[in-house]
Structures are given as C-alpha cells and as structure tokens.
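First to last, the sequence lines map onto chains A and B.
Counted from 1, the first sequence has number 7 at position 7 by this note's numbering; the numbering is strictly sequential.
Counted from 1, the second sequence has number 27 at position 27 by this note's numbering; the numbering is strictly sequential.
Hints in this document: simulated from the structure, not taken from any laboratory.
These figures come from a predicted structure and were not determined experimentally.
Even glycine gets a Cβ: it sits at the ideal position worked out from N, Cα and C.
Keep in mind that the hints are not guaranteed to be accurate.
Pairwise CB distance ranges (calculated) [claimed, not checked]:
id, chain 1, residue 1, chain 2, residue 2, range
1, A, Thr-116, B, Gly-53, 37 to 47 angstroms
2, A, Val-53, B, Tyr-39, 44 to 54 angstroms
3, A, Met-39, B, Ala-1, 19 to 29 angstroms
4, B, Gly-53, A, Glu-14, 47 to 57 angstroms
5, A, Thr-116, B, Tyr-39, 37 to 47 angstroms
6, B, Thr-20, A, Gly-16, 29 to 39 angstroms
7, A, Ser-66, B, Gly-99, 19 to 29 angstroms
8, A, Gly-16, B, Pro-79, 51 to 61 angstroms
9, B, Asn-17, A, Glu-18, 46 to 56 angstroms
10, A, Pro-8, B, Ser-70, 42 to 52 angstroms
11, B, Gly-53, A, Gly-16, 27 to 37 angstroms
Here are some, though not all, of the chain B residues that point toward chain A, as calculated from beta-carbon distances under 7 angstroms [as the list claims (entries may be wrong)]:
id, residue
12, Tyr-32
13, Phe-46
14, Ile-51
15, Tyr-61
16, Val-83
17, Asn-102
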Amino acid sequence: DAGVIQSPRHEVTEMGQEVTLRCKPISGHNSLFWYRQTMMRGLELLIYFNNNVPIDDSGMPEDRFSAKMPNASFSTLKIQPSEPRDSAVYFCASSLRIQGAPNNSPLHFGNGTRLTVT
Amino acid sequence: AQSVAQPEDQVNVAEGNPLTVKCTYSVSGNPYLFWYVQYPNRGLQFLLKYITGDNLVKGSYGFEAEFNKSQTSFHLKKPSALVSDSALYFCAVRDIVEGGYNKLIFGAGTRLAVHP
Chain A
1 DAGVIQSPRH EVTEMGQEVT LRCKPISGHN SLFWYRQTMM RGLELLIYFN
51 NNVPIDDSGM PEDRFSAKMP NASFSTLKIQ PSEPRDSAVY FCASSLRIQG
101 APNNSPLHFG NGTRLTVT
Chain B
1 AQSVAQPEDQ VNVAEGNPLT VKCTYSVSGN PYLFWYVQYP NRGLQFLLKY
51 ITGDNLVKGS YGFEAEFNKS QTSFHLKKPS ALVSDSALYF CAVRDIVEGG
101 YNKLIFGAGT RLAVHP
C-alpha cells in the first residue's frame, strides 16, 4: 500500500492567490482528516469526513478555507484567497471506522504539504 | 474536554541510555491514548495505543508506554535509546464525539535528541 498521498509537497504562492491541496487516502479507509501544523499552534484539526461526508468543520479557521471529498479516494483543501498567516504544513490522514464498534484505529498520515504564502 | 499535555519541549538522552517522554491526560470517562512519532519532513507515524487491558503497552521500534490511572499519565519509554530515535513525539487522546469518530487531540510535541 502506498499510504496516504498528498500533493504538492511544497507550494509557494503570493497573498491573494487560490491554493488547492490534494489528498488520496489509503484504499478502504472511510475516514479522512485534515490537520494543520505550525510552530505556534502545533497540530490543529481542521475538518474530518466519514464516508465522504463532512462530519465536523469547526476547526476550519475562516470562510476562506473549504474542503471537499467528492469520492472515497480523493479530497481537497482549498484556501481562497490565501494569506501569509496560512503558511504551515498541512497534513491529511485517513483511518478505518467500523460502524457500531469502538473506533480505535490509528490515523495514517501523509507526508504533508508545506505551504508558504508570501 | 479531552486533553493531553507534554510538559517537556525537548528531551536529551545519550545513546544506549533509557529514555522517557512524558504525557499526562485529562479525560471524561475511559481514555484512549496514542503515541505518534514525526521524523523531519514526514507525516506522523503511529507507535502504540492504550485502549484497555495491560497498563504496559508495547509498540513499534522497541517503544513502550505505561498507562498510570492514578497519575493520569501515559509516558513513552525505551530501554536503550538509538541516535535514529531522534524525532518529534506526540501524545494524543481520542476526543469524545457523537458517532464515535476517531478524532484525535494532540499534545504540543516533545523533541527527542539522542546523542552518540
């Protein structure tokens, strides 16, 4: 298994531009999470999906941020317009949630997208 | 609300010595606790978890963690550190959310530096 795949690995853009980050979860996993990592705030959960449906987006910092999961094998996180304070490493993670059972499956993380907004 | 705390920003250990990375938790109900490791320019990797059962949990790369309910701690340990263990370590707790989703709350992380 190739693991969780994120693209691009690095993104440098100018303030005001639209940025789209992509994620391919592990095949068969039905939960997907987007995290942001910064020195100041550590790891923050932005949003998560189950069976392609957004469950909780309360961590999304502003309306400039949006996420979609059109199918089980693909998700995007979009920032429009981007700002310098959005600079961070964005991680996607996936796991398997079994309906009706205690969900203790570990999260599997991608290698992240390092976003720099100038 | 569920939370974990990692009181040390950095831990320095000589190679071959035992290491401990500390984590304390605050939860409602039974805690589901995890340790992850992050190497430079990589995502987090799962090391081990405590759900129930034995208080000593064994995980990947020779790591283990001891769950202590009275001290609300879940410290990560290894009997003999390797230089290659140098990385950022995160403790995490599963949040209580309707639907039982595996939403994890992470600590701030502890940087482990193992010196030759």
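Check the structure against each numbered hint from earlier and tell me which ones fail, lowest number first. 2, 5, 6, 11, 15 and 16
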